[in-house]
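Asker: Read off the chains here:
There are 2 protein chains.
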Amino acid sequence: MKSVIIVGGGLVGALQACFMAKRGFRVDVYEMRQDIRDMEVVRGRSINLALSTRGREALRRVGLEDIVISTGIPMYARMIHDLDGTRRPIPYGKADQFIMSVDRRHLNELLLTQAEKLPNVEMHFEHKIVACDFNAGRITFSKSDGSHVTAHADLVVGCDGAFSGVRQQMMKKTLFDYEQVFIPHGYMELCMEPAPGDKFAMEVNYLHIWARDEFMMIALPNQDKTYTCTLFMPFDIFKTLDTPEAVLAFFRDKFPDSLPLLGEKYVTETVSTSKALPLISVKCSPYHVKDRAVIMGDAAHAMVPFYGQGMNCGFEDCVVFDDILSKHNNDIAATLKEFTEVRSVDAKAMCDLAFYNYIEMRQSVNSRLFLLRKKLDNFLYWLFPNMWMPLYTSVSFSRTRYHQCIANKEWQDRLIRRALYMSVPAMAALGYCVATRTRLLDAPVSETIQQLVERLRPTWI
Amino acid sequence: MKSVIIVGGGLVGALQACFMAKRGFRVDVYEMRQDIRDMEVVRGRSINLALSTRGREALRRVGLEDIVISTGIPMYARMIHDLDGTRRPIPYGKADQFIMSVDRRHLNELLLTQAEKLPNVEMHFEHKIVACDFNAGRITFSKSDGSHVTAHADLVVGCDGAFSGVRQQMMKKTLFDYEQVFIPHGYMELCMEPAPGDKFAMEVNYLHIWARDEFMMIALPNQDKTYTCTLFMPFDIFKTLDTPEAVLAFFRDKFPDSLPLLGEKYVTETVSTSKALPLISVKCSPYHVKDRAVIMGDAAHAMVPFYGQGMNCGFEDCVVFDDILSKHNNDIAATLKEFTEVRSVDAKAMCDLAFYNYIEMRQSVNSRLFLLRKKLDNFLYWLFPNMWMPLYTSVSFSRTRYHQCIANKEWQDRLIRRALYMSVPAMAALGYCVATRTRLLDAPVSETIQQLVERLRPTWI
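Residue numbers (the working numbering), protein chains in the order written: chain A, 191 to 651; chain B, 191 to 651.
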């Protein structure tokens with residue numbers, strides 16, 4: 191039985207443990223932090239994630255889809271909060287399509303427990319990676335008491351997040367293309383308590399967005415009837431909010447309808463004393479070292495959180511990896527090579543899409559033209575369900591390869607642009623006919639066009 | 191007297207030591223390797239660099255320009271070696287403009303000695319950076335005997351190359367944008383011995399280029415009458431050259447005229463047994479941490495070597511830094527901030543130009559259109575010396591900011607494109623006049639154009 195060390199017992203690491211163990215590998219998971227299941231629960235501090243089709247497919251394969259869906263909260267639309275307090279929904283897809291707000295911690299616990307049910311999985315918490323010798327399949331961890339342990343395996347899988355230690359080791363040893371970017375925006379979380387009577391403070395089945403062009407706040411519902419609100423904003427603006435008075439003035443000006451729901455005292459105290467946290471985007475290649483190591487999830491492609499695809503993309507890594515293993519009959523070398531080839535293209539595309547969607551979320555949703563285009567996309571999707579899939583739908587509600595989602599969108603944009611250009615002479619012809627009362631149906635169309643050309647000719651010369 | 195630690199005693203580190211010491215800072219240089227001046231000289235293994243205007247300006251300011259120029263070899267043109275053995279020069283600029291082949295080691299020695307002449311400079315060789323505490327201005331080095339020493343300074347300047355330890359420390363502590371890319375091409379050096387009679391084996395005042403579209407070889411002259419030849423090629427092709435026979439066939443096919451000059455035995459043995467080395471490009475930002483640390487040269491912007499600007503750009507860093515220090519009256523915090531703002535834009539532009547020039551060097555020089563454009567550029571430069579500076583000239587023979595060099599080139603391209611479009615109807619009119627024997631001078635031009643329009647009209651409709 192081949193052995194695998196998975197570094198990282200977060201969402202992707204625990205899921206990958208399930209996949210590898212089901213295939214008969216001997217799996218050891220090493221996680222830097224303590225077991226999340228032993229940690230104290232702090233109400234209202236849950237971070238929530240938006241689970242969509244790609245993530246669900248992965249959970250289905252390890253038998254967890256139903257329980258996760260039954261404990262999440264479906265969100266069928268964005269709910270845009272305008273400055274004047276107006277709320278208007280923009281659906282994510284068709285009436286029955288939704289993304290699901292799930293509790294990160296709860297999901298992580300489910301995955302760890304599911305993995306531990308398999309006899310060939312062992313968990314090691316509070317083990318931090320110190321060094322790797324990929325060729326020897328040897329990896330050294332430091333424990334919380336300062337001692338070191340060394341483990342051996344045929345394959346090392348790094349699922350240890352955006353600041354991955356496994357990736358750092360890979361960077362030292364291979365020709366490794368790497369890019370990390372911090373955006374000029376930071377984020378800060380606020381908790382919106384339930385309304386009196388233990389009810390959700392706002393319409394529940396929505397992802398709430400306060401889009402203010404340069405910045406935005408969003409809110410996702412939690413099982414405990416709280417909302418986790420996240421403020422995304424340039425650090426420069428965060429810096430100006432250093433007194434309760436400044437915060438109050440800012441919220442009154444920009445998010446007036448949220449203030450009574452969050453509570454003035456709570457908001458002003460929290461925002462003026464908390465530190466905004468940075469957002470990183472990471473692209474790299476290759477994802478593997480020979481037949482010895484591979485990285486997945488945020489370790490391979492951390493992205494800004496604006497498309498809600500970070501976890502979904504990481505989960506889909508496990509699905510793709512599993513499919514390639516099947517294709518190559520568990521041949522590790524061939525699988526790792528193909529995984530890099532296939533997945534790095536898609537993950538890079540997804541990182542780009544995530545940047546793009548920040549502009550859509552905080553700015554475009556306020557534009558009439560954007561809303562018109564959404565309607566046109568939905569109409570064409572209804573007409574040609576196999577041909578015209580809107581970008582958001584293909585990313586969130588399909589498993590179309592991410593790079594293909596972008597290619598489709600570009601093709602659609604080109605087509606719409608051409609149709610617009612072509613409609614200009616058609617509209618002119620129509621206008622001419624109306625103006626001259628030419629009855630289109632009386633004369634052959636070609637004649638009408640010829641007349642039009644004759645009439646217009648002098649203006650060309 | 192404020193104190194500065196410079197990490198790295200290579201070209202940029204030694205130069206920066208001169209600059210900082212001249213300003214009255216107390217300077218300590220820590221270099222990982224032993225003193226290059228104590229190392230054995232190996233004939234024919236010198237790596238040469240192409241010094242141009244930006245580098246010369248820096249050397250002038252520390253009083254080294256004359257001696258460096260007097261020991262270098264000017265190169266006035268590229269010498270293109272075609273497959274059939276034809277050699278054709280393409281000048282770099284005007285008749286008196288040249289880039290200069292200089293010996294890296296000799297230049298490094300000169301700079302170290304020049305720095306040591308200043309009383310407030312101290313050199314520490316065989317000291318490798320281990321850790322930094324930027325806030326405390328504390329930096330720990332390991333010595334060759336394994337012991338550690340800790341040094342303190344007001345400012346840390348990292349001039350420690352593409353794999354900079356200072357930059358690594360900065361990455362851990364700040365929001366640091368970073369990108370490293372390895373191109374799919376590697377390089378391998380060969381030495382071309384002098385011809386009988388201790389003469390240069392080829393025309394001396396040229397940079398020789400064997401441009402073969404997908405790959406190329408170049409040769410720069412050395413003081414000792416050897417040439418350093420460098421083969422740049424995809425690793426995939428290098429891999430196929432693993433036997434003397436394969437190498438011989440390859441050189442006979444691709445670089446036939448170089449074989450007698452390099453020697454068949456030497457080439458086949460060297461290429462089949464040596465390992466091609468990788469080429470890295472690094473972009474990052476910011477270049478500084480508060481008022482405590484800054485990176486320069488390859489540490490901040492390693493580039494592929496195809497524009498011959500790696501050293502020149504690093505040297506210009508020192509000039510730009512010195513100018514900003516003057517502007518801010520030696521205020522470190524203000525200087526570091528402005529240095530990042532100004533220099534990161536330009537260095538990124540130069541990294542892009544260096545990629546671009548690889549295509550120019552190995553491919554475009556074989557294109558007639560490219561040569562025509564070069565002639566047009568030179569003609570326009572002669573007509574409008576202040577308006578139309580060709581790209582290569584602005585990069586190599588001026589101190590125009592790098593990002594401005596690109597902007598100028600884009601503006602020139604646009605103008606030429608427009609001029610081409612506009613010339614199409616003019617040529618058509620001319621053709622018409624010739625065909626109909628209309629005498630342009632007999633009739634007002636407007637009449638001729640009107641005739642032309644009348645004649646052409648039926649074909650439009």
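Honestly, the hints are just simulated from the structure, not real lab data.
Any given hint could be a false lead.
Facing chain B, according to a computed beta carbon distance under 7 Å, are these residues of chain A, among others [to be verified]:
#1 A352
#2 Y368
#3 E369
#4 F372
#5 S464
#6 E600
Below, computed lysine-lysine pairings styled on PhoX-like, alpha-carbon distance capped at 20 Å [stated by the list, open to error]:
#7 B/K480 / A/K429
#8 B/K465 / A/K480
#9 B/K473 / A/K362
#10 A/K465 / B/K473
Don't be surprised by glycine CBs; every beta carbon is placed ideally from N, CA and C.
Asker: Please go over all the hints and tell whether each is borne out by the structure.
Answerer: Against the structure, the hints:
no.: 1; hint: A352; in the structure: 13 Å, violated
no.: 2; hint: Y368; in the structure: 5 Å, holds
no.: 3; hint: E369; in the structure: 4 Å, holds
no.: 4; hint: F372; in the structure: 4 Å, holds
no.: 5; hint: S464; in the structure: 17 Å, violated
no.: 6; hint: E600; in the structure: 24 Å, violated
no.: 7; hint: B/K480 / A/K429; in the structure: 17 Å, holds
no.: 8; hint: B/K465 / A/K480; in the structure: 19 Å, holds
no.: 9; hint: B/K473 / A/K362; in the structure: 18 Å, holds
no.: 10; hint: A/K465 / B/K473; in the structure: 28 Å, violated
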